[in-house]
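S.K.: Given only the sequences and the hints, what does the whole structure look like? Please build it.
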Amino acid sequence: MTNEAAKFLLNTYRPNGADAQDPVFRAALDQAAHDPELATWFKEQRSFDSQIAAKLAGIQPPPHLYSAILAGIATRLPARRFPMRPILALAAMLILCGTILVTFFVEHLSRTASLEAYQKANLTMLSAPSWPQLDLVTDDFSRTQEYLASMKAPRVPDLPGALLNLPTAGCKALYWNNQMLSLTCFRLPDGELLHVFVIDEEAFKSVNPAADFKEMDGWHVKFERCNGMLVMFVSRAPMVEIKKYIL
Amino acid sequence: MIGQFIVGHEFNLEAIAARYYAPLYRFALSLAKNEVEAGDLTQQTFFVLAQRSHQIRDISKVKCWLFTTLRREFLRTLRVQSAHPHVEFKPEIHDSQTVSADALRALDAKTVLEALTEVEPTYRAAVELFYLGELSYREISETLDIPIGTVMSRLSRGKEQLKALLAAAVSERSQKIIPLKHDEEAEQ
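Residue numbers (numbering that gives the first Met the number 0), protein chains in the order written: chain A, 0 to 246; chain B, 0 to 187.
Worth flagging that the hints you see were computed from the coordinates, not collected in a lab.
Glycine included, every Cβ here is placed at the ideal spot set by N, Cα and C.
Hints should not be assumed to be uniformly reliable.
As the list claims (entries may be wrong) - Computed list of lysine-lysine pairs in DSS-like fashion (alpha-carbon distance at most 30 Å, straight line):
no. : chain 1 : residue 1 : chain 2 : residue 2
1   : B       : K109      : A       : K6
2   : A       : K54       : B       : K109
3   : A       : K151      : B       : K60
4   : A       : K119      : B       : K60
5   : A       : K204      : A       : K151
Claimed, not checked - Just so you have them, the derived chain B footprint on chain A, three or more residues with Cβ under 8 Å:
no. : stretch
6   : 14 to 20
7   : 34 to 48
M.R.: As structure tokens, then:
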């Protein structure tokens, strides 16, 4: 990639660092890290972008605007409801009863499948080209946990090992299957990230996940139960590096 | 962030409004260049959201949806006003101009916003969404319904224009100040 091509890409890199995980920028960022001329340009560009964004963020809406918006929302029309003929209502009731019965009988089987689906959903999200932006970008672990607590999302439990001493990249509160979960990303010294998903273990109580790391689609994955939470560790870092931080 | 936008199976419109009304207002202000109209556009956007929230299937898209809707509402009002168009010719802007960090620091938000509104319309929307909405290049692509490559190109050229306009603003400002050192030297 030429420096001009890298500049073209990096022009779209947001000043708040929300694109740090987007693989589209990876090559250009690497190049900027090794090319002094590009590094200088990128530093100036980010400084310019940050200053512009900060100045524009200083423009405050009129004080009454928020309350006016809420008043507008409150006057919205109620959702339109269609009258349902009795025969359709009966058919709907029968279908509903059938669904409930089937759901009841397959619940146990589906829990195992659900854990696989949960794992797959998380890995798909991490592997997507448009990696989801973190709600909070910070290297301070305690701030990520304060944020997750404020969102009523599960926090990372007190895990043994040195993981919690690592700097973080940030965190995100998520929903899966009507259940809230959290993602906290730690920065390993070699530059790779170690992602930690936390969900209430009630979601998969009857499932006993494998105790050691497994490799899946280039990711190292491990589940662990801790203080009522099911913790999922995910990283592309070498196992020897990961095991320094997770017992 | 997204989690707080849903209560049960319904959107938490108050939480969405609280999170996005300020950036939407700034975006509206850059489009309309008028505080009253910007406030009206922001209100209208949330009113449309309240009426049509059931049409949004993916809550993670609500940010793009809001910016797209506000822009559409603005363009709709523009079409109504187009019976009396106001045409303004602007000097061509050349790129490669720079503005120092110190000079930029001295500029106020109003000057920066004015410069932003002077960027050619073709590039302006992408730059506004980038700075005012903090939208990613993908979100800008969705909001403006243009390819990602076009977004990158427009951002690149739009930012060059913004720099040139800010450099001009800095230059204009500096010409209004009498250098103190020069005066002191003259007195000596």
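S.K.: Okay, the stretch 14 to 20 of chain A and chain B, do three or more residues pass the C-beta test at under 8 Å?
M.R.: It holds: at least three residues are needed, and the stretch 14 to 20 of chain A offers 3 whose Cβ sits within less than 8 Å of chain B.
S.K.: Do the alpha carbons of K204(A) and K151(A) lie within 30 Å of each other, as the hint requires?
M.R.: Since the Cα atoms of K204(A) and K151(A) sit roughly 21 Å apart, the hinted pair holds (cutoff 30 Å).
S.K.: Can you confirm whether the C-alpha distance between K151(A) and K60(B) stays at or below 30 Å?
M.R.: The given pair, whose Cα atoms are some 22 Å apart, holds under the 30 Å limit.
S.K.: Examine the stretch 34 to 48 of chain A: at least three residues should have C-beta closer than 8 Å to a C-beta of chain B.
M.R.: holds (count 4)
S.K.: If you draw a straight line from the CA of K54(A) to the CA of K109(B), is it 30 Å or shorter?
M.R.: It holds: about 9 Å lies between the C-alpha atoms, which stays within 30 Å.
S.K.: Please work out if K119(A) and K60(B) have their alpha carbons no farther apart than 30 Å.
M.R.: 22 Å, holds
S.K.: Take the C-alpha atoms of K109(B) and K6(A), compute the straight-line distance between them, and say whether it is at most 30 Å.
M.R.: Given pair K109(B), K6(A) holds - Cα atoms ~28 Å apart, limit 30 Å.
Of the hints listed earlier, there is not a single one the structure fails to meet.
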